[in-house]
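Engineer: Residues 1 to 334 in our numbering are what the sequence shown spells out, letter by letter.
Please note: incorrect hints may appear among the correct ones.
As the list claims (entries may be wrong) - Each pair of labels, with its calculated beta carbon distance range: (1) GLY146 <-> ALA277: 55 to 63 angstroms; (2) LYS110 <-> PRO56: 39 to 47 angstroms; (3) GLU105 <-> GLY224: 25 to 33 angstroms; (4) SER323 <-> ARG134: 40 to 48 angstroms.
Note that these hints are calculated values from the structure, not bench results. The C-beta atom is built at its ideal place from N, Cα and C for all residues, glycine as well.
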Amino acid sequence: MRWLTIIVATLAALYGGYWVYTRGAVEEGIATALAEAEASGRVEISHAGWSTVGFPSRFDTTFEALRIEDRATGLAWQAPWFQVFALAYRPNEVIAVWPETQSLEVAGRKITLTTERMRASARVRANAALSFQRATLEVDAPRLQGLADGTDLAMARLLAAMRAAPDVANGYDVFAEAQSLVLPAGWREVLDPEGGLPPVIRQLRLDATARFDQPLDRFAGGAGPVGVESVSVREFGAHWGDMAVSVIGDVTADAAGRAAGSLTLSVTGWRRALKMASRAGLVDEGFDVTLATMGEALDETPQIAETLTVTLVLDDGQARLGSLPMGPAPVLRP
Numbered sequence: 001m002r003w004l005t006i007i008v009a010t011l012a013a014l015y016g017g018y019w020v021y022t023r024g025a026v027e028e029g030i031a032t033a034l035a036e037a038e039a040s041g042r043v044e045i046s047h048a049g050w051s052t053v054g055f056p057s058r059f060d061t062t063f064e065a066l067r068i069e070d071r072a073t074g075l076a077w078q079a080p081w082f083q084v085f086a087l088a089y090r091p092n093e094v095i096a097v098w099p100e101t102q103s104l105e106v107a108g109r110k111i112t113l114t115t116e117r118m119r120a121s122a123r124v125r126a127n128a129a130l131s132f133q134r135a136t137l138e139v140d141a142p143r144l145q146g147l148a149d150g151t152d153l154a155m156a157r158l159l160a161a162m163r164a165a166p167d168v169a170n171g172y173d174v175f176a177e178a179q180s181l182v183l184p185a186g187w188r189e190v191l192d193p194e195g196g197l198p199p200v201i202r203q204l205r206l207d208a209t210a211r212f213d214q215p216l217d218r219f220a221g222g223a224g225p226v227g228v229e230s231v232s233v234r235e236f237g238a239h240w241g242d243m244a245v246s247v248i249g250d251v252t253a254d255a256a257g258r259a260a261g262s263l264t265l266s267v268t269g270w271r272r273a274l275k276m277a278s279r280a281g282l283v284d285e286g287f288d289v290t291l292a293t294m295g296e297a298l299d300e301t302p303q304i305a306e307t308l309t310v311t312l313v314l315d316d317g318q319a320r321l322g323s324l325p326m327g328p329a330p331v332l333r334p
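Construct the entire structure; sequences and hints are all you get.
Structural biologist: What follows is the structure, given as structure tokens:
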């Protein structure tokens with residue numbers, strides 16, 4: 001029994017030493033990352049300090065009064081605290097937790113974000129490059145207050161996730177979903193003055209795979225900006241009452257880095273959507289009639305009432321709907 005006690009005490013001392021050493025490495029890594037971010041000149045970071053606790057099984061780091069500002073745009077985020085958790089036996093996976101109230105500064109305007117719960121998790125592979133494996137963000141009952149003239153934007157839940165695609169080199173599956181989006185009353189009065197649509201947009205959803213020109217790891221961006229080689233959109237959709245929008249398709253970067261391929265757009269209740277765009281000032285007065293005529297001519301499914309289907313073709317650096325030019329194709333790879 002005496003030897004067993006000695007062995008247990010020795011192992012406990014070794015583990016305690018490991019925890020203290022690793023905590024030091026964690027705090028040194030945080031200090032280095034903050035210093036490098038400041039030295040880059042792109043961001044300004046301020047805080048009231050941080051500490052790491054959680055012995056014996058975790059590393060719980062809490063930042064106090066954290067503020068991050070993008071020097072180029074003036075966009076800033078701040079929170080009274082911010083926490084990052086990691087298990088001692090699984091340091092390649094972290095969990096981040098935000099407070100119920102945060103604030104954003106955009107163009108001199110202060111916007112308050114409140115949530116019932118906001119947390120994210122991320123995992124990298126246990127290799128020298130720390131290759132990205134997966135990440136998930138979950139937000140319950142987010143509400144943005146102070147967008148303009150006291151308007152609020154709220155939703156029931158927001159979920160965003162990304163993972164390394166199993167069969168695509170440098171490929172990553174992306175998923176995002178917003179449920180029960182409530183638009184500000186002023187916006188609804190402009191878009192839908194008759195009140196024919198419900199106050200809640202039922203769902204916004206994105207399901208796609210993106211392939212980059214380099215893996216997402218700790219070396220990413222070191223030799224140049226990360227560029228997109230291809231995007232496959234399995235589903236991008238929105239549902240508001242009897243109106244629905246859907247986009248599917250595949251695009252790749254051509255030799256010049258511009259998108260090439262096609263995207264099929266389907267809009268149910270498209271005439272109502274066009275009138276809403278006109279009321280909101282997104283379409284010049286009177287031009288909605290011209291666009292309606294063009295839509296009827298370009299519709300690929302005229303046999304389906306109230307549904308407009310068109311294909312956006314991206315080719316030779318240009319975008320077009322049928323024979324109608326739409327301007328330059330977007331840049332995927334710098």
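Engineer: Each hint needs a verdict: does it hold in this structure or not?
Structural biologist: Here is how each hint holds up against the structure:
Taking 55 to 63 angstroms as the suggested C-beta distance range, the pair GLY146 and ALA277 does not conform, at roughly 26 angstroms. Take LYS110 and PRO56: their Cβ atoms lie about 42 angstroms apart, and the range 39 to 47 angstroms holds. For the pair GLU105 and GLY224, the supplied restraint of 25 to 33 angstroms holds, since their beta-carbon distance comes to about 31 angstroms. At about 43 angstroms, the beta-carbon gap between SER323 and ARG134 stays in the expected band of 40 to 48 angstroms.
Hint check: a violation occurs at hint 1 only; the rest are consistent with the structure.
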